[in-house]
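Make the full structure from the sequences, and use the hints.
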Amino acid sequence: MTSQDTPPYSPQTLESEVQRRWQEKQLFRAVGDASGEKFYCLSMFPYPSGQLHMGHVRNYSIGDAIARYQRMRGRQVLQPMGWDAFGLPAENAALKHGLAPAQWTLDNIAHMRGQLQRLGLSYDWSREFATCTPEYYRWEQWLFVRLWEKGLVYQKLSTVNWDPVDQTVLANEQVVDGRGWRSGAAVERREIRQWFLRITAYADELLSGLEHLAEGWPEQVLSMQRNWIGRSEGAEIRFPLATGEGVVKVFTTRPDTLLGATYLAIAPEHPLALAAARTQPELAAFLERCRHVAVSEATVETQEKEGYPTGITVRHPLTGQPLPVWVANFVLMGYGEGAVMSVPAHDQRDFEFARKYGLPIQVVVVPEGEEIPSGILEQAYTGSGRLVHSGIYDGLDNETAKARITAAVAAAGLGRKTVNYRLRDWGISRQRYWGTPIPMIHCPRCGAVPVPEKDLPVVLPTHYHLDNPRSPLLDDPEFHQVPCPQCGGGARRETDTMDTFVESSWYYARFTCPDAAAMLDERAARWLPVDQYIGGVEHAVLHLLYARFFNKLLRDVGLLPADGRHDEPFRRLLTQGMVLKDGGKMSKSKGNTVDPQGLIDRYGADTARLFILFAAPPEQHLEWSDAAVEGAYRFLHRVWRLVHEYGQTPPPLPATLSAEARDLRRLVHQCIDRVSSNMDGRYHFNAAIAAIMELNNALMKVPGEAQADLRAVLGEGLRSMALLLSPFAPHIAEALWQRLGQEGELSFAPWPNADPEALQSSTVTLVIQVNGKLRERLEVPADADAGSIEAVVLAYPPLQKHLAGLSVRKVVVVPGRLVNVVAQ
RNA sequence: GCCCAGGUGGCGAAAUCGGUAGACGCAAGGGACUUAAAAUCCCUCGGCUUUGGCCAUGCCGGUUCGAGUCCGGCCCUGGGCACCA
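At position 1 of the first sequence the residue is numbered 1 (full-length UniProt numbering), and the sequence of numbers has no breaks.
No lab work stands behind these hints, which were simulated from the structure alone. Fair warning: there could be bad hints in the mix.
To be verified - No more than 27 Å apart at the CA atoms, straight line, and that leaves these computed lysine-lysine pairs for DSS-like:
#1 K305 - K249
#2 K305 - K356
#3 K417 - K249
#4 K150 - K454
#5 K249 - K356
#6 K96 - K454
#7 K810 - K773
#8 K38 - K25
#9 K801 - K773
#10 K249 - K156
As the list claims (entries may be wrong) - Listed next, with one range per pair, are the computed distances between beta-carbon atoms:
#11 G490 - A516: 31 to 41 Å
#12 V808 - A659: 34 to 44 Å
#13 S384 - R189: 37 to 47 Å
#14 S49 - E453: 27 to 37 Å
#15 E779 - S35: 46 to 56 Å
#16 G805 - G704: 54 to 64 Å
#17 S35 - A516: 21 to 31 Å
Think of the CB as a built atom: it goes at the ideal place given N, C-alpha and C, for glycine as much as any other residue.
Okay, here's the thing in structure tokens:
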């Protein structure tokens, strides 16, 4: 009971001992029998870059806190970990260091696995896999062929960034200020034939499915996905070419403004533009300039808006009037029809373009109750109103006009009502080496032929050492020279590999049955959906949309039951904020990373985890601070000391408690209550940890020679603290648990419940406001009713000076909280 | 450019519902203990103030008895934009 008995808190030895015990007992192997309720807790698996970074530590500390909490709540928990192991950095590293990408990747995995294990995360390591192994990606190839058979895979031309010096395709990230990052050459756009997955066939389901996620997903992410899918109702309208042959198709959400269309704008890659350029050198030069803009939407949308007339004329579908066709550098070939009708009076971008090039502006909608504007417009009017200058449609409100004008165009055979999506099909071809080979063979006679199932997997050769960025598969006849599976003649194997988003689109399902002899087996249906998914907000759209898409594909090829419970992969989503340093994202390119290894070496895993969970709520950005770590470390020291100085198994509580002991016990149970409510769904770990710190502060004040009842409550408090702490700092919690003489595994010990009786208090302190300003405080019985409170307050002597010269007009009583006296 | 967030003391933050703004922690200052230091413990800690109070949650306005919280407009910072993962 003296401080001499207290051994030093040395996290390094303590943590490795505890971890060894966990491992020997295989404590965190997911059991998944039907005897209990399952909980699948998944953190986004990492790319094995070589070093764990703070974002990982945060992500996995959050996930483990949730998994451990659920385990203590009695659930059968599955919490796996693996590696998103294909990708560009491996090729870059191989080029730089003269290694094979496979070797670099496997070395990194070995190192990072050690780092993760040092953190004491309660993973079922028996399920670990890396996506770059044939055992994993073979099923991806298998699914690709199924999708090909179902017509959900196809080829089409699409644009890539081409580095003319390195003779290779560049990722958007590799284009810096319009130039290739290695060569410095100005990039070009190049159209090549690529493989696509028909995600647009699922657009409506991906959109409506968001409604079922409303409870478990952040509104922010749902909104981003909704906007990304971008369903819009409108009309397809055909403008006949003045020459009489052919039409230009456009999509518009504003058919009501059709009579205000004064020109058409088409994409630089539009076939008409290309055709016109053949006879017009200046137009060709303009298109050539457009070819040197990188393909990313951000680049296209932020460049100076420019256009050039094509000399082509179309006829207005209703009036027959001639309209000029312009090429505009901001019209995207990949969206809609690659052409838009321009209504400068009612679209701000069209307005600016028309002003710049002196094109006519025709007002056709005016706000209800206003006159047709005379003089020069200052800006486009994009709101609703009634139609003008629109012939027989004049006077209609514009919503009615949408339907009427669409019908008129349809009657003329020049259009129809239609739904358009912003979502485009998913281009999965990569002209890269380090990825899953696309299992197709190009035969000059039979066309594209899938690799027969018996020949799967198409194994990616791993012996290459890269000396230039070009994919070695292109130059390896052993890989690409194959007979056609259909006719047996000479054919060429596809050398494109898959987008790495494909691997991460179904790994969550494979974790349920990592050794299955098929892509998935019946275990998937039991464990899925993931009950809690945790990862960075930066994945809010792409990864999370692709994974939702794949889940539906898995269902539709019969690998998941179509029972309505398996339509979505992730029941609940927690998007963690980024770990920032100096206000910006920690990243290698910015050189502002903080290595978590140093933190763990110095303070131990418990401190690292506790600090990172305490510093900010999970969904918020976390601004890094070295100094604040000390605080978490000191706190653990204080808890350690307190428990060791107590040094006994807590005795049972006596039947009656002194007032002092009751007050302390109330604090203990308030803490249990606060921690629990911050764990259940809210995941405000910072507030939960703060509550534990407060409890510890209160327990430290209990004198060593206290009465027996007080010491019994102290023991209850310490025992509770070990339980409450274990999701955040599991190693020290184990040691405290043992020191308090507790039996059984802390990891599976039942989470404590707050005793409602202990929470009761006989009085409450009310705040007294006058006109909303805090003036006095007053203690009243907890069960006092509003009427008696009002009477007591109005008669309360110290209040009178605040009411001098005023007449009371109203008294607002909020029981248990405050009284507001409204006086004049 | 488009879509989505965030902005509270010197710093990270707290405040389930509209009800005491700043819990908890960091940093700082003062003190105790010590031969000394470290560690530990105790106290102070938003600003102004005539010590009555007044002002404060990015800025401007609104709703309300009462707004960090709700509504409208703006400013700044961060994330995503389909080949970084």
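Here is what the structure says about each hint:
Taking the CA atoms of K305 and K249, the gap is near 22 Å; set against the 27 Å cutoff, the hint holds. For the suggested pair K305 and K356, the alpha carbons sit about 9 Å apart, so the restraint of at most 27 Å is met. Restraint check: the Cα-Cα separation between K417 and K249 comes to about 13 Å, which is no more than 27 Å; the hinted pair holds. Using a Cα cut-off of 27 Å, the hinted pair K150 and K454 holds, with the two alpha carbons roughly 19 Å apart.
The suggested pairing of K249 with K356 holds, with an alpha-carbon distance near 25 Å, which does not exceed 27 Å. For a cut-off of 27 Å, the pair hint linking K96 to K454 is broken: about 38 Å separates their Cα positions. Using a Cα cut-off of 27 Å, the hinted pair K810 and K773 holds, with the two alpha carbons roughly 15 Å apart. For the proposed pair K38 and K25, the alpha carbon gap of about 21 Å is at most 27 Å, so the pair holds.
Restraint check for K801 and K773: satisfied, since their Cα atoms lie roughly 14 Å apart, inside the 27 Å limit. For the hint linking K249 to K156, the alpha-carbon distance of about 19 Å falls within 27 Å, and the restraint holds. At about 36 Å, the beta-carbon gap between G490 and A516 stays in the expected band of 31 to 41 Å. In this structure the hint that V808 and A659 lie 34 to 44 Å apart at CB holds, the actual value being about 37 Å.
A hinted range of 37 to 47 Å holds for the C-beta pair S384 and R189, which are about 39 Å apart. Between S49 and E453 the Cβ separation comes to about 34 Å, which falls inside the hinted range of 27 to 37 Å. The given range of 46 to 56 Å is respected by E779 and S35, whose C-beta atoms sit roughly 51 Å from each other. For the pair G805 and G704, the supplied restraint of 54 to 64 Å holds, since their beta-carbon distance comes to about 56 Å.
Distance hint for S35 and A516: a CB-CB separation of about 22 Å, consistent with the stated range 21 to 31 Å.
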